[in-house]
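**Q** Position chain S against the provided structure of chain Y, taking the given hints into account.
So the protein sequences, as listed, match chains Y and S. Numbered according to the working numbering, the first sequence terminates at residue 223, and the numbering increases by one at each position without gaps. Numbered according to the working numbering, the second sequence terminates at residue 86, and the numbering increases by one at each position without gaps.
Simulated restraints on C-beta separations:
#: 1; chain 1: S; residue 1: 39; chain 2: Y; residue 2: 75; range: 42 to 52 Å
#: 2; chain 1: Y; residue 1: 75; chain 2: S; residue 2: 15; range: 24 to 34 Å
#: 3; chain 1: S; residue 1: 64; chain 2: Y; residue 2: 203; range: 50 to 60 Å
#: 4; chain 1: Y; residue 1: 54; chain 2: S; residue 2: 82; range: 19 to 29 Å
#: 5; chain 1: Y; residue 1: 166; chain 2: S; residue 2: 51; range: 48 to 58 Å
#: 6; chain 1: S; residue 1: 81; chain 2: Y; residue 2: 63; range: 17 to 27 Å
#: 7; chain 1: S; residue 1: 26; chain 2: Y; residue 2: 29; range: 39 to 49 Å
#: 8; chain 1: S; residue 1: 57; chain 2: Y; residue 2: 131; range: 51 to 61 Å
Read the hints as simulated data drawn from the structure, not as lab findings. These numbers come from a predicted model, not from an experiment. Yeah, the Cβ is synthetic: ideal placement off N, Cα and C, and Gly gets one too.
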Amino acid sequence: MGIVVFPGSNCDRDMLHVLSDVFKFDAKLFWHQDRLPKNLDAVVLPGGFTYGDRLRAGVIASHSPIISDIKKMAEKGLPVLGVCNGFQILVETGILPGVLLKNDSLQFMCKWTELIVKNNKTPFTNKLKMNQRIAIPIANGEGRYYVDNKTLESLKKNNQIVFQYTEKINGSSDRIAGVCNKEKNVVGMMPHPERASEQLINPKNSGTTSKIFESLMISIGAA
Amino acid sequence: MPSFRVHVIIENKPGISDPEGETILRDLVLKKSHDSVSKIRSAKMLKFEIKASDNRTAEKKVLKLCNDLRIYNPLVSQVTLETFAL
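Pulled out of the complex, with its shape left as it was, chain Y reads as follows (with noise of 0.2 Å):
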């Protein structure tokens, strides 16, 4: 299991403590600028502030070497998991469908939310049930995931929303929180699991959220 850390990265010690210490993944950090070796099971892009946002979130680091290697295990249809700024850098390379806007309340919104599970087919929902909910923290300045109607009914149509919010909390379209490509294996998500996956952490219900990694078990195989 791969953690890529890029300049800004700041979540991938708490990825990679959850994923080892928890789950008992054999995971690993990778520099940004190193080649991703073949014999990986899966690879997660964890949150940060890449860059320092310069520009837009996650573009500069869109254009990272390793992005070539995450791209041919997209394809090869390999488990990649883009957590907040990983979802952003999903997005601006194209592996995944639309954009991350500012909120649209401007701020930067850190809070404990509630996801509604949309699909349950893809290597991280797989132990949950359709329409089961998790509590999970967000944290973050951009967001508002924005697709056009047109895109929107693609993704509908290819069920290819994997999470929706319960409440409008940032002006998502179609209160998205996190989507899939069309081949389900690569999957983009604002809000971090891996700060609701452990039940000291988690005043609510760290047993449902866990279940993303759970998921990624049995995905790979482990379980």
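**A** Same frame as chain Y, now just chain S:
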């Protein structure tokens, strides 16, 4: 070779909301009774200095670079270029 300055103005497309411009209009300009102002759109401007054979080539090079490197996101933003001889 002559030098040019190319201003690249990046703004949201007309149909995409611009909360920053709306806030400046609603909470500052209109509150101070400047009622004749009807709309404000915020934008980001990058100033490129570039060597090129002429004005048109300079602008063309910068526009290509903006498209190739996704300096603006074509899904939601548009760019306007203004070129000046230095």
